[in-house]
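Q: Now for the letters of each chain:
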Amino acid sequence: MKVILLHPSWTILRDYADDATPDSPKARVASHLAQCTRCRSRVAELRSLQDRLQRLPVPEPSQNLLSRIQTSRAGGVRVILPGSERSSRSRRGPLPWAAAALAATVAAILLWPEANERGEPSFGLLDGTPLLPATLLAQQISDTAARARYPLLGAVDVGRVTSGRWTYEGRMIEEGLDTTSQGVRVFSVAQAELDRRPVWIVTTTTTGRYTRGPRGDSLFLEQGSLRLLRQVWYYAGGHANSRDFPDSVRYSLSWRQADMGWHGTLHRLLFQLTPLAANWKGSAYVALPVARDRWKLFPLDQHVVGEERVHVPAGTFDCWKVDTKLRGTEATLWIEKRGQWVVKLSQRGGEDAVWEQVLTTHTNSPTAP
Amino acid sequence: MASQPGTLQSDLVTSAQRGDADALAALYQAHGEAVYRLAYRLLGTREDAEDVVHDVFVGLPEALRRYEERGALESWLKRVAARVALMRLRQRDRRREVSLDAGTEQRLREASSTEFTGLKEAVDALPDGLRSVLVLKEIEGYSHAEVAALLGISEGASRVRLTRAIRGLRRMLGEER
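In order, the protein sequence lines correspond to chains F and Y. The first sequence lines up with residues 194 to 562 when you count with my numbering. The second sequence lines up with residues 85 to 261 when you count with my numbering.
Treat the hints with care, since some could be wrong.
[What the hints assert, rightly or not] Just some of the chain Y residues that point at chain F, by a computed CB distance under 8 Å:
no., residue
1, Ala105
2, Tyr120
3, Arg121
4, Asp139
5, Val140
6, Arg167
7, Lys204
8, Glu205
9, Glu222
10, Leu246
11, Thr247
12, Ile250
13, Met256
[What the hints assert, rightly or not] Which chain Y residues stay away from chain F? Per the calculated CB distances, all over 12 Å, these:
no., residue
14, Ser94
15, Thr98
16, Ala165
No wet-lab data here; the hints were simulated from the structure. Ideal Cβ placement from N, Cα and C applies to all residues, glycine included.
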């Protein structure tokens, strides 16, 4: 019997029906459709509905409409039309093109001062900095800065990293009723040494409901700079793989290979580094892969929208409630006020589904993996 | 309303910019129907749609002086028309149900086979914000980015509204659970 964990949302199916789904998700949706009668049927319904909508009859206009227009013109009537400016696509705001081009050039020089032997850009100055403490650079990275919703974070306080181990239960709540366990996530931060250099080992593992064992990764970050030195991947079958980054990180600043996307490892560490307060808003740059061997900077926007006391299996915690957004994906996190670790995470998982992680246990006595 | 060959269009635009009535009439013949259909679908009534077409073509000679895009005049015209229609949509009271004259209703009934039964009523019953996205995306074929730009919303909001509109339609048509 096939197990279909999650059905794509109507939005995803609509894009798929329209052939507007990007290639990678499209393959996943197609794979799902191949085994899901319900979703295949929905795609067919969506296409049928669009077809019927496009064929809805429209009554003919009055025969005298043109003469009415001509009479108005002849009578001196004039209408100032909205949006008839040069191009409706140039909605970027008042920045002159010349200044934008100059800023883009400066950004290109700063961000991509060199290319590797295959002609792919490296991050140059930013090598190995997983969260780009970008106040300095922000002045130049104008187009990225323009996409940040809030003031950019200054250099994050790397001294705020604290060790510990946090365990979360993932669950999907559909239609506000059905709750399905989605497995367990474990996040840990431990002190260690790598080649006699003090490092933090930041580990995230996930055990899915139907997987054979945990999978995840460990990031070995140089203390003081948080520069990535080594990454180790663990696979569900029990084997592992690693890569060292002795000089520069041309390929991978993986703040996720396991777990559940950008809000996994990234957020959990970020919130340790960021001093939160009521109504605090801030954006940080993160480097994320957009294709094989290709990376791009994205602003991660965060806004403290309130304070709440949250009850989770690990206990009751006074939390900051933080709305976050990255690449069009939005989530809400509840951050414990004193230690600033993630207590709860909530994200829409489809049209009628909410995907959550809640803290089940935590300890301040970590052990290195 | 028939299409004009592309080679003539630039001459028509130039002449219309100068206020030439014949050129304006030719542009109306070429593009009036597309503008009208878009307006009708957004506003739901012939009366409102004709008002939009009237305003667009009365204002066209002056607007064309700021028109610099190459080709795709109809696309530009439809964007302008969509903005006029959306402005009207925001301003007007919902009065669609009393504005259809008897003849129009009769023609619609005749034109509607059973497959359309209830669909127009369901579309018209959607809130303006949802119906606008539905019309622009599903019928007119705009991308979410273009819909977002026209409506002053985010692309994400456009997607959400489309999904809500579709689910609303399905509920009204009895196709959802």
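Q: Would you assess whether serine 94 (chain Y), listed as outside the interface, keeps its beta-carbon beyond 12 Å of every beta-carbon in chain F?
A: holds (17 Å)
Q: Does threonine 98 (chain Y) sit more than 12 Å from chain F, CB to CB?
A: Threonine 98 (chain Y) is indeed farther than 12 Å from all Cβ atoms of chain F, at 16 Å.
Q: May I ask you to test the interface hint for glutamate 222 (chain Y) with respect to chain F, counting a Cβ-Cβ separation under 8 Å as satisfied?
A: At 5 Å from the nearest chain F Cβ, glutamate 222 (chain Y) passes the 8 Å test, so the hint holds.
Q: Is the hint on alanine 105 (chain Y) kept, meaning its closest Cβ partner in chain F is under 8 Å away?
A: Nearest chain F Cβ about 6 Å off; hint holds.
Q: Have a go at the leucine 246 (chain Y) hint: is there a Cβ in chain F nearer than 8 Å to its own Cβ?
A: Holds - the Cβ of leucine 246 (chain Y) comes within 8 Å of chain F, reaching about 6 Å at its closest.
Q: Any CB of chain F closer than 8 Å to the CB of threonine 247 (chain Y)?
A: Interface hint status for threonine 247 (chain Y): holds (5 Å vs cutoff 8 Å).
Q: Tell me if the interface restraint on tyrosine 120 (chain Y) is satisfied: Cβ within less than 8 Å of some Cβ in chain F.
A: This interface hint holds because 5 Å falls under the 8 Å limit.
Q: Does arginine 121 (chain Y) meet its interface restraint, that is, does its C-beta lie within less than 8 Å of any C-beta in chain F?
A: Because about 5 Å separates arginine 121 (chain Y) from the closest Cβ in chain F, which is inside the 8 Å limit, the hint holds.
Q: Could you check if arginine 167 (chain Y) really has its C-beta closer than 8 Å to a C-beta on chain F?
A: holds (4 Å)
Q: Hint check: is the beta carbon of valine 140 (chain Y) less than 8 Å from a beta carbon of chain F?
A: Holds: closest Cβ of chain F sits about 7 Å from valine 140 (chain Y), inside 8 Å.
Q: Using Cβ atoms only, decide whether aspartate 139 (chain Y) comes closer than 8 Å to chain F, and label the hint accordingly.
A: Cβ of aspartate 139 (chain Y) sits 5 Å from chain F, so the hint holds.
Q: Holds or violated: is the Cβ of isoleucine 250 (chain Y) closer than 8 Å to a Cβ in chain F?
A: holds (7 Å)
Of the numbered hints listed earlier, those contradicted by the structure are 8, 13 and 16.
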